[in-house]
Structure formats: structure tokens, C-alpha cells
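Trainee: Residues per chain are reported as follows:
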Amino acid sequence: MIGEEPYRWLEAIQNRREYIEDQLRPAKPVFAVAGGPGILLCAVSASPKLFEVYDHLALAGLGHPADLERVRQSAIDAAHVEGFTRSRADVGARRLANYTLAPAMKAAFEQIFAAPLLFRGVLAELGETPAEDSAWTLDYDGSFEAAAPEELARGLLLSGRNRVNQGWTELADKPAAGDTLKALAGHALRALAWAQASGDGSPRAAWKDLPKTNAEALKILGTPPAFALLDRARRNRIAYRVPGAAELGLSPGKRKTAGK
Amino acid sequence: MSEQPAFDGDFPALLQRRGHPLRPEGALSGGSNGHLAGGLDATRATTVLGFHCADGVLIAGDRRATAGNTVIYDRADKVIELDEGTILAIAGTPATAFEMARVLEHSFQYFRRSQLQPLSLEGKVRALGQLLSKNLPMTLQGVGVVVPLLAIQDDRGEPQLYFYDALGAQFQAADFAVSGSGSPAARSVLHYLNRWSPQPPATRKRDEAARLALELLDTAAESDTATGGVDRRSEIFPQVKLLGKDGITDLTPAQLAKLFGEGHLPKPS
Numbered sequence: 003m004i005g006e007e008p009y010r011w012l013e014a015i016q017n018r019r020e021y022i023e024d025q026l027r028p029a030k031p032v033f034a035v036a037g038g039p040g041i042l043l044c045a046v047s048a049s050p051k052l053f054e055v056y057d058h059l060a061l062a063g064l065g066h067p068a069d070l071e072r073v074r075q076s077a078i079d080a081a082h083v084e085g086f087t088r089s090r091a092d093v094g095a096r097r098l099a100n101y102t103l104a105p106a107m108k109a110a111f112e113q114i115f116a117a118p119l120l121f122r123g124v125l126a127e128l129g130e131t132p133a134e135d136s137a138w139t140l141d142y143d144g145s146f147e148a149a150a151p152e153e154l155a156r157g158l159l160l161s162g163r164n165r166v167n168q169g170w171t172e173l174a175d176k177p178a179a180g181d182t183l184k185a186l187a188g189h190a191l192r193a194l195a196w197a198q199a200s201g202d203g204s205p206r207a208a209w210k211d212l213p214k215t216n217a218e219a220l221k222i223l224g225t226p227p228a229f230a231l232l233d234r235a236r237r238n239r240i241a242y243r244v245p246g247a248a249e250l251g252l253s254p255g256k257r258k259t260a261g262k
Numbered sequence: 004m005s006e007q008p009a010f011d012g013d014f015p016a017l018l019q020r021r022g023h024p025l026r027p028e029g030a031l032s033g034g035s036n037g038h039l040a041g042g043l044d045a046t047r048a049t050t051v052l053g054f055h056c057a058d059g060v061l062i063a064g065d066r067r068a069t070a071g072n073t074v075i076y077d078r079a080d081k082v083i084e085l086d087e088g089t090i091l092a093i094a095g096t097p098a099t100a101f102e103m104a105r106v107l108e109h110s111f112q113y114f115r116r117s118q119l120q121p122l123s124l125e126g127k128v129r130a131l132g133q134l135l136s137k138n139l140p141m142t143l144q145g146v147g148v149v150v151p152l153l154a155i156q157d158d159r160g161e162p163q164l165y166f167y168d169a170l171g172a173q174f175q176a177a178d179f180a181v182s183g184s185g186s187p188a189a190r191s192v193l194h195y196l197n198r199w200s201p202q203p204p205a206t207r208k209r210d211e212a213a214r215l216a217l218e219l220l221d222t223a224a225e226s227d228t229a230t231g232g233v234d235r236r237s238e239i240f241p242q243v244k245l246l247g248k249d250g251i252t253d254l255t256p257a258q259l260a261k262l263f264g265e266g267h268l269p270k271p272s
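Order-wise, the sequence lines are chains W and C. Residue numbers for the first sequence follow the working numbering, so the first one is 3 and each next one is one higher. Residue numbers for the second sequence follow the working numbering, so the first one is 4 and each next one is one higher.
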């Protein structure tokens, strides 16, 4: 029995990890960045990757679409039950990530005879002020991590390739994205384009190496990205909305050209 | 993710699965004699009304909450925005009614977020009917009666008005709908205006419609002690909301004070 032999169990877990990393590798990245207007989420993908979870909570994820759905649904279920039985003020990313999503994901990862959960994502919570914004990154093995507000202001990049994620974390001279929606969108585009262009390598890059303009970034990305905003102006109601191209400083014409 | 999620968008069912049933099973199994209790009217002590006007559907309610013949609260909110295109006006037991409003608010959002599409007009209208019919045991005991009105945008954004009976049947109102103990007076006036006035409510613009709503609630309060009407001394005004094609407008107390003042006949000199 495999469970009775520590070595074989470790081997199975290691195989499982390799298999999942292999499966995640081609997934297109998602990006979350906070600033004055709120938290902007961005993804380049044909399938939906950005989701509303609750009034002030949103999820961006990558992986198998069916697994994304399961995580999304679990988060939505838990948030709504909590919001109804207690209050909106009691629904938060920290409790949701730490007590609901992460333990379930860890359990799924360790059930080595069941199909693994192919998921990596970030759960973002909009605060009253940028300093109160928070985001929790979650991984398929149930590990989770909070992003400090200043880190969130510089942006969180989640791709299927660990070396790219590492590269972003270590990227030198990363500035805060700024205090306008256009600045947040530009920041996100440049980061995503850099992630796409850096392939499997571990680039020891600096912020100045990123594409300089939106047009340049869009050209690298190919497909126009999807955006979602947790809008601070609507903090007390339903904050999640899909911003228009004009607000983001991306005119439809430019996007079309870039898509070719 | 260990439990298989149900992708049905049904929020009451989710509460049930998570151990928060809306009505504990077997807690109440109908009235002792099956009759609507004599105290029924007292538990609907309020007036809410809605009618079609030129700018959409106007919906209004007084602010008084009573227990028997005691006024316990004079700033109750009985006209509740469920989402950006839906207003619920409640007459009945506050505990049950507010709970229903909360369930509906969460149900609509839960459906929209989990299914990634909004719940349809029929779905929303029916959701309230289901809550009312589930409430039957309380209704039969005469302690949890709720008889609401619902103003809601249809799929083209056109405001519609619905009313319900205590058992959950839903009806679409062509012109107006009223509920609560003070409603007969308001109903009579609305009926009269609708039938005989050269300026029926449906032709009135927002401000005129709002003034009419204030006058109707004032009229209702004249004969019904459980209806608060317009308390100008304490500056407590009814809630008046307009559901138009572009969403909900909440008329402020200042606006209402001005409108109600304008409507007064000049004092004889």
C-alpha cells in the first residue's frame, strides 16, 4: 500500500507536483494591481479568468477551466452564506482564503488517487483606502500568501511558469502602478506582455526592460486582454465591474490593430 | 472543493445545505385551528403603495412600526432596494419581511455571480412568491404574515409592478397596487383618480407622482392609526422611490418636504 511507505508517498507527491506544473505551464498569466481607483484585474485569455466573488471580492485564476469553476463556486458559496448569516463586513479575503479555499485545495492535492486540482489564483479584497486593500495568492497545493499593500500597488503576476513568477517578484525598480485607471491598465499590460515574452527563461530583468507603451505591449500579447475592476467609488455597494476601453486608455481601434 | 458544488444558483438551497435552513424543520406546522388568526390585520399594520407614473413605477411606504396599539418605531424602512432594478415594499411582520428581503438580495446576487447571468424578471418575481408560500405555517398562525409589493425592471428595462397575497400568489398590477392596514383608503383614492381624474397617476411626472404618494399616505394615516403618514413636526417623511428605465431614484426628505409643502391649499385669508 503506497500510503504505508513514506518514500513512495513522497515520490507520488513529487510526481503529482510535476504533473500539475506541466499542466499549468502553458496557461496564460493573470495580473492584479491596486491603486487609487481600486483593484484592477487583467487576463489574456479566450476563456474567462476574472470573476466577481462578492461585493468587494474578486478572483483571478488560471488552470483547468473546470477547476477554476470549482474554486470560484466554493468562494462564492462561502462568501454568500457568511454575508447572509452574519454580515457583509464579515466577508473577507483572509478568512475565505485561509479557512475555506486553502484547506480544501490542500486536501485535494494530497488525495493522490484522485484527479488533482489544476489551479493557481489570487483573491483580491477592496478596502476603503489603497492601504486597506488585500490580496491572497493561492496555489494548487493549498499554499497561500498575503500580498503587502505596497506589493499589491506594484502588482501581482501569476503565470503557469514558476520562473516567470519568480522573475516578476525579483524584477528590479518596479514602481507602484499609480493613481489613475489608465496608469493601472498600462502597468498591467506591460507586466503581462513581459511575462508572455520572457518564455521559460528566468530573466534577471528590471522595470526598464518591459515594453514601454500600451501599443507595444498589446502587440506582444496578440489578443486584447480582459479587465475587471473592484471600483473604490462603489466600495459600499457592488464594487465589481468591467471597465470600458476608453476608461482604461485603450481605444477600440488600437486594440483591433494590436490584435492582428 | 471536497464537497461537490451544486451549480444551480439556488441560494435558499445553499443555506439549507450549509445548515442554515430558512425555517427550522418542524418548528411550526400550521395554526392550531387552521384559521387565519383574528390578529391578522394588526400584523399588517402599515401602508405601502405603488403605481405607474409617466417616469416609471413609484413606490412608497410610511415609516411607522407598531405592536398592537403601541407605536414602537417611527423610522422603519419598509421600502427596500433589492438590487439596482428591484424595489420591495413590505407590509407585515417586520422580522419575517426583513428576512425575506435579505434572502432575496443575496439570492439575486448569488444567482448572478454563480451563474454569470442575471436572474430573469420571472425568476425574481417567483423567488418572492416561493418565500411567501414557504412562510405558510407562520401566515396561518397569524404571526408572520407578509404581503409585499415588488417594483422591478423587465428584461428591456421597463419598470413593472407586482403584488402578492399572503400565500405567495403573484399578480401584475396594470395601474396600481397597495398593501397594509391603511391601504383601503389609498386604494379608493387611486381607483378614483385612475377612473375619473382628467390626470390619472400614469400621466403624472415624478414630482407630481411623489406628491400624490405623500397625499395618499397622509390620507391613509387619517383613518389608520398604524400608518405613520407625514410627520412634519419631527420631519419624518415616508420613503418614496422611483423605479425608472435607468434605475432607482430615492427622493430625499428635503425634496419630499418641498413637494408636500407645495401641495397645500393656501390658508383662507
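Hints in this document: simulated from the structure, not taken from any laboratory. Even glycine gets a Cβ: it sits at the ideal position worked out from N, Cα and C. Hints should not be assumed to be uniformly reliable.
To be verified - Partial chain W-side listing against chain C, Cβ under 7 Å, derived:
#, residue
1, V83
2, T87
3, V244
Said to hold, decoys possible - Just the calculated beta-carbon pair ranges, DEER-fashion:
#, chain 1, residue 1, chain 2, residue 2, range
4, W, K184, C, D178, 43 to 53 Å
5, W, T182, C, Q19, 55 to 65 Å
6, W, K184, C, E265, 40 to 50 Å
Trainee: Taking the hints in turn, state whether each one holds.
Mentor: Now the hints, each set against the structure:
1. Hint status for V83(W) relative to chain C: holds, with the closest Cβ pair at about 5 Å, below 7 Å.
2. Hint on T87(W) holds. Least Cβ distance to chain C is approximately 5 Å, under the 7 Å limit.
3. At its closest, the beta carbon of V244(W) sits 12 Å from a beta carbon of chain C; the interface hint therefore is violated under the 7 Å criterion.
4. Separation of K184(W) from D178(C) is about 49 Å and conforms to the stated range, judged on CB atoms against 43 to 53 Å.
5. Taking 55 to 65 Å as the suggested C-beta distance range, the pair T182(W) and Q19(C) does not conform, at roughly 46 Å.
6. Taken as a hint, the range 40 to 50 Å holds for the pair K184(W) and E265(C), whose Cβ atoms sit roughly 46 Å apart.
The structure fails hints 3 and 5 (numbered hints given earlier, in ascending order).
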